[in-house]
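Protein chains in written order, with our numbering: chain A, 1 to 246; chain B, 1 to 622.
The hints are simulated quantities; they were obtained by calculation from the structure and are not laboratory data. Note that the coordinates shown come from a computational prediction; the quantities given were computed from them, not determined experimentally. Glycine included, C-beta positions come from ideal geometry on N, C-alpha and C. Take the hints with a grain of salt, since some may be wrong.
As the list claims (entries may be wrong) - For each label pair, taking beta carbons as the anchor points, the in silico distance ranges come out as:
#	chain 1	residue 1	chain 2	residue 2	range
1	A	N230	B	N456	30 to 38 Å
2	B	T358	A	N230	18 to 26 Å
3	A	N34	B	L463	33 to 41 Å
4	B	F467	A	H94	29 to 37 Å
5	A	I133	B	T349	54 to 62 Å
6	A	L46	B	D250	43 to 51 Å
7	B	L479	A	N34	51 to 59 Å
8	B	E336	A	K228	44 to 52 Å
9	B	P279	A	Y218	46 to 54 Å
10	A	I123	B	L479	22 to 30 Å
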Amino acid sequence: MKFKIFLMLFILFSINIINSSINIKFNDSIKYYNNSDYKNALSYYLDILKSGYDNFEINYNIGCCYYKLNEIGKARFYFERSLIYKPFDSDLNHNLKVIYNKLVKNQDNNEQIIINSRILYLIPINVVILINIILSIIAVILLTLLYNFYSYRKLILIFLATVIFFILIFTFYNIFQYKNIKDQKLIITKKNANVYLTPNENETIILTLEEGYSNKVYGELNYFIKTKFNDGLTGWIKKEDLIYKP
Amino acid sequence: MVKKIIIIINFFAFSLFMNSQEVSVDLAASKQEVAVNEDFRISLIITSDTDDINIDEYPQLDQCVAIKQYGQSRNINMMASNQGIQKTISINFEYICKISKEGKYDIGPFVIRVKNKKFQSNITSINVSANNVGNNVSNNIKEKNYESDKSNYYIIKTEQTKKEIFENEFVDIEVNLYCYRNYDFRIRNIKKLNYPSNAWIENLLNKNNILSEKVIINNYAYAKHTIEKDRIYISKSGEYEIEPFEINFDGITSNDFFAIQDTIDLKTKPVVINVKPLPPKENEHRNFDGAVGNFNISYSLNPQKINPSEASTLFISLEGEGNFHNIDKINFGVDENIDIYSTKSETKTADNRTKIKTWEIILVPSKPGKYNVSIEDFSYFDANEKKYKTIKGNSIKLTVAGKIIENNKNIKDNSSINTDLENKNLINNENENKIIKDNIVNQEINFLKLNIGSKNELKKIDLLFRFQIILYMMLAAILILFILLKYYNYSFVKNGRFVVQKKAYKNFFTKINNLNKDIPKIGILKGIDSLSNTIETYFIHKFNIKSIEFTRKDIENKLKDYLTSEQVKTLNDYIKQLNIIRFGGNKITTEEFDRITGELKNFIKNIDTNNINNNHKSDKVN
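Put together the whole structure using the sequences plus the hints.
See below:
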């Protein structure tokens with residue numbers, strides 16, 4: 001019994017130490033950033049990200065560091081990743097506008113990215129899931145009532161139909177949100193990145209993309225990432241020329 | 001009178017002419033001089049007033065003359081005269097010929113039978129020379145810089161505008177397939193020219209300019225099909241041998257009289273390009289930044305009169321032929337009070353050769369004054385004249401009037417954060433003034449987030465999502481179970497009643513038989529009790545009634561809807577008899593018991609049969 005208590009205390013203590021060390025790292029990285037040592041700040045934030053803190057704050061701060069290091073493509077990647085968590089954050093929206101002004105040809109399209117994210121995450125994904133779970137439980141209760149209180153069946157059926165209708169709406173909404181999170185996106189980080197016809201450096205170059213260009217990932221092979229363009233053209237970009245979430 | 005006589009004479013003369021129209025037989029060749037194995041046509045035209053025409057004899061021809069009929073046409077002319085309608089029929093027999101040996105050949109005469117009369121055609125002479133296309137084209141082409149198939153029906157050839165170029169100078173290379181007499185071909189597979197890795201390639205062959213034209217090679221007509229056309233720029237000097245173009249296609253291969261299609265493989269000769277380094281540049285061309293070709297520059301500033309913090313756009317256009325892909329910018333200089341906000345460049349191709357690259361640069365002055373926007377000299381190497389050239393720059397005046405606006409200080413302060421403004425890219429022209437202002441104010445990003453946030457947010461979302469899916473599956477399972485239960489319950493109740501009702505007589509019959517067997521064991525009295533219960537159970541199951549007491553009143557009340565009055569009366573008699581045995585102490589033998597059960601079986605069977613026939617009664621109950 002004593003051993004068990006000791007083990008539990010040890011585990012709790014270890015977790016506390018790990019958390020406090022991450023907190024120290026976080027605070028240190030803010031100091032580094034404040035002292036314009038963006039490289040160190042970035043390495044600390046990337047460490048924290050690796051330790052499992054994949055959230056709005058860390059992605060946002062990494063984006064800020066990359067911006068300061070003039071790596072605009074990577075900054076865009078992390079800022080757009082933060083959009084998933086908090087699409088209405090005013091700081092994030094401001095930073096994205098600055099990035100888009102610096103990077104991309106068509107300003108309106110990029111404003112649209114923010115608007116789309118705001119619509120898509122108007123209700124945060126975990127809230128939508130919770131709503132769905134609650135609605136599902138209500139549906140089960142209504143079914144039980146329908147079975148046992150047959151005389152009130154009309155009233156219960158109306159409620160049940162309404163609940164199922166809302167479940168369907170929220171489920172589709174949730175699927176769109178989840179798909180958006182799971183979609184792999186790439187962003188070009190090199191000033192000019194070549195797009196090859198096949199995953200081979202000696203192959204024909206079909207396009208050259210500018211830094212900050214964003215597209216979906218359609219697969220990967222060795223050192224290359226496959227992507228598709230609007231006209232149906234498929235091309236391969238070297239991994240070193242882009243950033244993406246594996 | 002004289003006139004009338006003349007008219008009559010004329011009329012007779014015309015009639016005579018019409019009636020005396022003879023049969024004519026003409027033989028003609030499409031060519032009088034042909035090459036060995038060259039195809040030519042022969043036409044045999046017979047004109048008469050009848051259809052009754054037959055070829056009686058074909059001409060005796062040399063062994064090396066091949067002739068085959070490939071067509072026949074008929075033409076009928078009708079003419080009205082005072083003697084009725086005159087008909088002229090001309091029949092044309094078409095033959096295709098080929099002569100395999102040089103010399104002079106006579107073809108003809110054909111002997112024709114028209115209405116049992118024989119007519120003979122003329123003889124046509126053909127001179128055949130050894131100047132053959134089908135097999136010997138190559139002998140007559142002076143320079144063999146191409147590859148062809150065995151029969152020389154298809155020739156493939158690469159053509160390049162220059163064999164020796166300077167670094168970054170363009171050379172146009174095209175691959176042409178020449179088809180003899182526009183013979184058809186269907187491409188199966190192509191291996192394109194394999195250019196060196198340091199070559200910039202522009203494809204000049206698109207859907208709009210697929211070329212197909214007729215060319216004469218040694219006096220013979222070929223159709224030229226351009227299948228690859230590229231403009232390449234090589235950035236490093238050296239001698240390059242470009243691997244040949246290979247094509248696999250279906251085409252005509254046979255040398256025989258009738259052409260046969262087969263697969264043909266052709267391969268061009270390798271393309272050799274010698275790339276020379278550029279000559280050293282002189283001091284006056286110090287602005288040279290790698291542009292090779294022939295260029296022209298134009299520029300404008302619009303508007304030229306603005307207020308502080310307003311935008312003016314500088315347009316620079318570079319037009320010509322050359323390595324536009326290597327030209328990133330045209331240098332220009334502005335006063336330090338003018339901020340350069342965005343650069344947008346666009347390259348358009350005027351025809352497949354000339355290009356126009358346009359830069360749009362937004363200039364925003366912060367202070368009033370008169371400024372000069374100077375376009376610097378642009379140097380390039382003219383490969384045709386083999387010398388460097390410089391287009392002299394110029395300056396455009398920009399007048400900034402009015403007072404400095406209040407936020408000008410902020411503008412300057414914020415804009416100074418990003419010193420590398422030339423890297424700034426491309427903003428939407430339509431809202432350029434608005435965006436510029438946003439841009440000026442919002443040059444810097446906001447500060448970091450000071451909270452670390454929660455751990456594993458994505459994993460939590462993932463878990464929640466999976467939990468949700470499991471919940472949905474459970475919900476679906478419950479829903480299905482609910483529906484099934486409801487259906488099963490309904491079905492069981494409904495079907496159960498029906499089955500019991502249907503089996504009531506069978507059960508009754510089985511029970512009575514068993515009772516008859518068991519009577520020695522259980523005794524008469526218990527047997528009578530069981531018999532009474534069995535009858536009761538039968539009626540309860542059969543008519544789906546709750547219970548029945550075998551009193552006269554109850555039997556009449558409950559069974560009147562199902563039994564006839566006679567049956568009710570009989571049943572009452574049987575019950576009465578059983579009650580007397582049970583309660584009256586009237587002892588009976590086993591044989592008498594068997595008799596009673598036998599009668600009861602018949603009675604119940606009778607009820608059951610009637611009931612099946614009059615099923616409407618049981619429907620009423622349901």
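(message) Assuming the hint says 18 to 26 Å, is it satisfied by the Cβ distance from T358/B to N230/A or not?
(response) holds (24 Å)
(request) Go ahead and decide if the range 44 to 52 Å is satisfied by the Cβ distance of E336/B to K228/A. (result) Given a distance of about 46 Å, which is inside 44 to 52 Å, the answer is holds.
(message) Please check whether I123/A and L479/B have a Cβ separation lying inside 22 to 30 Å.
(response) holds (26 Å)
(request) Evaluate the given range 54 to 62 Å for the C-beta pair formed by I133/A and T349/B. (result) With a Cβ separation near 59 Å, I133/A and T349/B satisfy 54 to 62 Å, so the hint holds.
(request) Could you say whether the range 33 to 41 Å given as a hint is met by the Cβ separation of N34/A and L463/B? (result) holds (36 Å)
(message) Assuming the hint says 29 to 37 Å, is it satisfied by the Cβ distance from F467/B to H94/A or not?
(response) Holds, since F467/B and H94/A (Cβ atoms, about 36 Å apart) stay within the stated range.
(request) With respect to the beta-carbon atoms only, verify the hint that P279/B and Y218/A lie 46 to 54 Å apart. (result) holds (48 Å)
(request) State, for the Cβ atoms of L479/B and N34/A, whether the hinted interval 51 to 59 Å holds or is violated. (result) holds (58 Å)
(request) Go ahead and decide if the range 43 to 51 Å is satisfied by the Cβ distance of L46/A to D250/B. (result) violated (59 Å)
(request) Starting from the hint 30 to 38 Å, judge whether the C-beta atoms of N230/A and N456/B obey it. (result) holds (35 Å)
When held up to the earlier numbered hints, the structure conflicts with hint 6 and nothing else.
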